[in-house]
Structure formats: C-alpha cells, structure tokens
Amino acid sequence: MATATAQRRPAAPPGRLARRGGRRGGRGRSAALAGYLFVLPVAACFAVFVAYPFLRSMYLSLTRWSGFGDPEFIGLDNFDHLMSDPVFWDALWTTLFFTLACTVLQTVVPLLLAVLLNRGWRFGVVFRTVIFVPAVVSFVVTGSLWQMVYDPNFGLLNRFLDDLGLGSLAHPWLADPSTVLPALVLVSLWQAAGLYMLIFLAGLQGIDPALYEAARIDGASPARQFRHVTVPMLRNVIAVVVLLNVVNGFKTFDVIYVMTGGGPNRASEVLGTYLYGLAFGSSAGAVPSFGYATAISMIVFVLCLVATLVQVRVNRRARDVF
Amino acid sequence: MSSSPRAAAAPALPAQARARRRPRALLGRALGYLTLLVVAAGSAYPLVWMLLTSLRPRNTVFGGGFFPSPDEITFDAYREAWTGLDFPRHFLVTLVITAVTVAGVVALATLSGYAFAHLEFRGKQVIYVTLLSSIMLPVTAIVIPLFLELDTLGLLNSQGGLIMVYIGTSVPFAMFLMRAFFETLPRELVNAARVDGAGEFAIFLRVMLPLAAPGAATVVIFQFMNTWNEFLFAQTFLQQPEDLPLQPVLYSVVGQHSTDWPLLCASLTMSILPIVVVYVRMQRRFVAGLTLGAVKN
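Residue numbers (UniProt numbering), protein chains in the order written: chain H, 1 to 322; chain X, 1 to 297.
These are computed hints drawn from the structure, not numbers from a lab.
Cβ coordinates follow ideal geometry from the N, Cα and C atoms, glycine included.
Treat the hints with care, as some may be off.
List time: in silico SDA-like cross-link candidates among lysine to any residue, alpha-carbon distance up to 20 Å [as the list claims (entries may be wrong)]:
#, chain 1, residue 1, chain 2, residue 2
1, X, Lys124, H, Leu37
2, X, Lys124, H, Tyr36
3, X, Lys124, H, Ala43
4, X, Lys124, X, Arg187
5, X, Lys124, H, Ala44
6, X, Lys124, H, Ala47
7, X, Lys124, X, Glu183
8, X, Lys124, X, Thr184
9, X, Lys124, H, Pro41
10, X, Lys124, H, Leu33
11, X, Lys124, H, Leu40
12, X, Lys124, X, Ile135
Computed list of chain X residues with no C-beta within reach of chain H, every gap over 10 Å [claimed, not checked]:
#, residue
13, Leu27
14, Phe75
15, Tyr78
16, Leu95
17, Ala217
18, Pro241
Build the full structure now, drawing on both the sequences and the hints.
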C-alpha cells in the first residue's frame, strides 16, 4: 500500500497543477464528477468486500465467538492466549522458515534463469514457455500432482532415485516431519520460478545494451557485468519480486492445505492453515473459534504490512544511494 | 519478445562467441544450454507424467516404465471422470463463474483505471492508494468475515455471492493494470475530444475504450487464470456438491480416490487444459502485462 504512495509521489505535482487548471471552468467540474462516478463502482466493491470485512476482522479478533449468538468482547485476551499457544508459535516459525526459503530460492533461481535465457538461444521461446507452464496450473492441481510425485511407494521421485541406483535415498517425503518442509518449498519453487523469471526477463529487456557494451569495453567479466550492471539496473524489479515472495509466503495456504493439511503432526502447519482449521473445522474438531482465528489472521496481516513498509524503506534508501 | 532478446538485448555475445570460437566460450555456451534443458525438463516432467498416467489402464500404473506401451493406452479414465464425476457440469459451472467475474472485473477496472489516469478530481491520489492497498491484504485475513458477511446477506452457498466476492477482491489489481495502460495513451486524445464538446462518458466510450483492448486483454488473461484456479473462497463459501467449481471438486476427488491415479490424472489434466491453451495462445499479452505491472511500477 505504501509502495504506491512512495512511487506516486514524484507524479503528484503535475497532477495538482492540472487539477488547478481544471477547476477554472465548468469542464473541469464535469470531468471531476465523471471521475467520481467512474470510480464509484470499484469503491463500492472495495467497501463491501475488502474494507468492511477487514474492519470486522479487527473487531472479531477482540471477541470470543463460535458463530452462534453475539460475539463476546474480551479485549486483548485472544492475543494474550496466542503468546502461550505452542501451536501458534510453531506455526509462526514454520511460516517464517517457509517464507524465507521460498523468497531466497524464488528470487535467485528465476533471476539467474532470466539472465541465462536473455543471452539468446535457439529455441529460447520454447524454454521460456515450458519453464513458465507450471505457473498457470492451480494450487490444487499442483498439490495433488506433487502428492503423487512424493508418494512413498509408487511416486515419481522415489522411482527415479531407484532407477539411478539411489534406492536407499527413497523416502516418505511428506510423511516425515524433517523432510516435509523442504519438499513443500521445492513444490513452491517448481510452480513460482517461471512467473518470476518472466518478470525478470521483462526487466532485462528494459536495460540499455549500451551499458553492457561499455562494461565490456572496460574489460568487465560476465560475472562483474552481472554484479555491476544487471543487479543495480534491476533493483526495482528485484524489490518487487522479493516483496511478492514475502507476502505470498506469509499468506501461504492452498498448497499446504491440499498436500499435507498441516501434517504430519503439525510439522507443516503454517498460520494460514492453522487459522483456517480453527474457523472452519477439521484441525480443532470442536466448535469454530472465529475470534481466536481472526486474531491469528491479524498477525498475518501485520506481517504483510511490516514486509511492505520495510520494502518501501529499503527501496527509498537504495534510491538515495545510487 | 520471441526474437528480441537475441536481436536487441545481448546481440554481441553469441556473435562474439561464434566469431572467436574460443573453446572456453563454447564450453560456457554448452553448459548454459544444458542448464536450460535440465530446468525445462524438471518443469515439464511432472506434467508429462500426469498426462501419461491419465492414459494408462489402472493395473499398470504402479509398475512399468515411464512411457506406457502404445497398445495399453486407454481413455477409460477420461470416460470415467466425464460421467462418474459429473465433470461437464463442474466444468460449465467454473466457466460461467469465471466468465461473469472476468466481464465484471474488466468493466469496472477499465472505467476506474481510465478515471485515475486521465481525469482530475479532488482526493484522487488518496482514493487510488486506499483502493490499491487491498493488493497487499492477505486473503486469509478476510476470509472469515467474508464468510460471515455472505451468511448475513443470504449469499452463502450461492454462486452469485462467490462471483461478487471475486469481483470485489480482484478489481483493485486489475484497476492498477488498466491505469498503467491508460497512462501510456496520450492525454491529448481526451483534451481534443473535450474541445469537440464530447461528454465525459462519450469520451471514455468512443475515444478511449476502443484503444484499451490490449490492456483489457492482459486483465482478461490474469483474471481468467486467477478465477479459474481459485480455491480458498470456493471451498469455503460453497457447500452444495453439485454447485461446486472445479478446484474444490478436484480437492474432494483427490480425497476420495487417492489411489486411482489414472482417474486423478485425467481429472487434473482436463482441468488445466483451458488455462494452458489460453496462456500459450496469448503469451505475448501476458508478458506485456507483467512489464506494465511489475516493471514499470
């Protein structure tokens, strides 16, 4: 949210000037009226399906409520309870670990792939298309497919290891608490790499070839060109990719819900699956606790907010340096 | 985009490598090619396996090699998914939900995107940033109150309610894309039409909308993909089994037939077909959209 504020700021003065000009006559007023009318439907949607639910979430996080009768206001008791809830802390750490691993892998791998692909190859378009295809596949399909890939007895992965003579490495990947998270991170990478690679490719197209020309004349090796031309020129794109990764990591739900349901024994429980289970059954097995679950959702929101604000801060400082 | 990387962005490198024919450059080239091959193979492998498994008879799934022998290929699993799982119905439901959502999102996003790009009104920046802030709001943070809200409005278990939630929650990002697109169009067009005495809505409808097709196409692709693939809201807000779109149906199929891999793979394959076709055919617009959305802003 603040991203947009920071980036739009330079555009503000011309906008203000134009507005002042517009206010002079009736035309300006009719344009302004049209502006409000054109924006009204979106604003209404926003109010009903985003703003109101969000505000209600804030309120519900301060209540105890099973969905029947009226919510009972209990102040900060839910958050107090969170502090001593071991499942919450485990889910928080799992979320942070998952987010960190995904962010690092899903930034570095796509960036290197994009740089490689951008050097021009016969069949480059085919490579690009194939690597991107997993990104259009839904989380449910991805999760179900990889469940079969990881199947302990007949899964693609264990049979592949067997064929390589590495049968001893065969493993119940999703059933072992120590391998389930890396296995899920790999699925995430498989699906996300193509999208971020395309974003980086689009960014690379925008770099002036003359910069590389100059670097080469100065005798810079490809590695130095990468470090001193590509990375600085892609700074904003990298920032966007990192932010998208972090936010997507914090709000992870679908793949884990489909593949493990947070198991085995909560080893892959993240905040998203924990709060969903509390509100809509399964994991608690008891009455829904909407109040407690929304309190956790507020924690997810705060994590995303902090990530956004940090990104804006870092981005602005980086801009000052360069 | 297809040939431009070679032509524009790094023209000298391959040429240089070819010209000098240095062994080291050739080796680097070969390693690069190999890397791309391995990565592409890793991306495609599970999907190809899924396709092949969907064509096998049930009794050869757990044995045998990677490729089924030609004489054992069968479409039984597709037949079963088609009739046994009532696939056409859920396919149609998904198509209708997606089509209505896409139409709604494109209409609202075009209108508001244009307003934010070319009309001046008080509080424009504040309104824009407020609306856009919802991009960063995690859906898991609003799924519970949305569920309660739909319940209050009597729209739980209704596809109409689900569509409204889809439109409401996805329109801000689409609006962001359309605004970025409209900003690439010259404002003189608007001003000239105004001088000619055209009304604001007429300017939008007759002058700007016809030029908006490329931007709208991008929104259509993104929205089609997101809505077709959406799981959390559909799973939470709809309960009647016969009304469900594909994603929650697939989820329950996986739960009920977890050992019937050909059936599973056939269902999964059919469900991604429309998406893959749309993406492969409209790839260029997709890339253009990414440039507009992620790189420019």
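Now for the hints, and whether the structure bears them out:
1. For the proposed pair lysine 124 of chain X and leucine 37 of chain H, the alpha carbon gap of about 12 Å is at most 20 Å, so the pair holds.
2. Distance hint between lysine 124 of chain X and tyrosine 36 of chain H is fulfilled; the C-alpha atoms sit about 9 Å from each other, no more than 20 Å.
3. Proximity of lysine 124 of chain X to alanine 43 of chain H is assessed by CA-CA distance (about 12 Å); at most 20 Å being required, the pair is judged to hold.
4. Using a Cα cut-off of 20 Å, the hinted pair lysine 124 of chain X and arginine 187 of chain X holds, with the two alpha carbons roughly 17 Å apart.
5. Under the criterion of a C-alpha separation no larger than 20 Å, the hint pairing lysine 124 of chain X with alanine 44 of chain H is consistent with the structure, at around 16 Å.
6. Distance hint between lysine 124 of chain X and alanine 47 of chain H is fulfilled; the C-alpha atoms sit about 16 Å from each other, no more than 20 Å.
7. At most 20 Å may separate the alpha-carbon atoms for a hinted pair to count; lysine 124 of chain X and glutamate 183 of chain X meet this at roughly 15 Å.
8. Distance check on the hinted pair: lysine 124 of chain X and threonine 184 of chain X sit about 19 Å apart at the alpha-carbon level, within 20 Å; holds.
9. Proximity of lysine 124 of chain X to proline 41 of chain H is assessed by CA-CA distance (about 15 Å); at most 20 Å being required, the pair is judged to hold.
10. Of the pairs offered as hints, the one joining lysine 124 of chain X and leucine 33 of chain H holds, with about 12 Å between alpha carbons and a cut-off of 20 Å not exceeded.
11. Restraint check: the Cα-Cα separation between lysine 124 of chain X and leucine 40 of chain H comes to about 12 Å, which is no more than 20 Å; the hinted pair holds.
12. In summary, the hint linking lysine 124 of chain X to isoleucine 135 of chain X is supported, as the alpha carbons are separated by about 18 Å, within the 20 Å threshold.
13. For leucine 27 of chain X, the non-interface assignment is confirmed: its Cβ lies about 13 Å from the closest Cβ of chain H, beyond the 10 Å cut-off.
14. With a minimum CB-CB distance of about 20 Å to chain H, phenylalanine 75 of chain X clears the 10 Å threshold, and the non-interface call stands.
15. With a least beta-carbon separation of about 16 Å from chain H, tyrosine 78 of chain X lies farther than 10 Å from that chain, consistent with its non-interface assignment.
16. Remark: the non-interface label on leucine 95 of chain X is consistent with the geometry, its nearest Cβ contact in chain H lying 15 Å away (cut-off 10 Å).
17. In this structure alanine 217 of chain X is separated from chain H by more than 10 Å, as the shortest Cβ-Cβ distance comes to about 16 Å.
18. Here proline 241 of chain X stays apart from chain H, with its beta-carbon at least about 16 Å from theirs, past the 10 Å limit.
Consistency note: the structure conflicts with none of the earlier hints.
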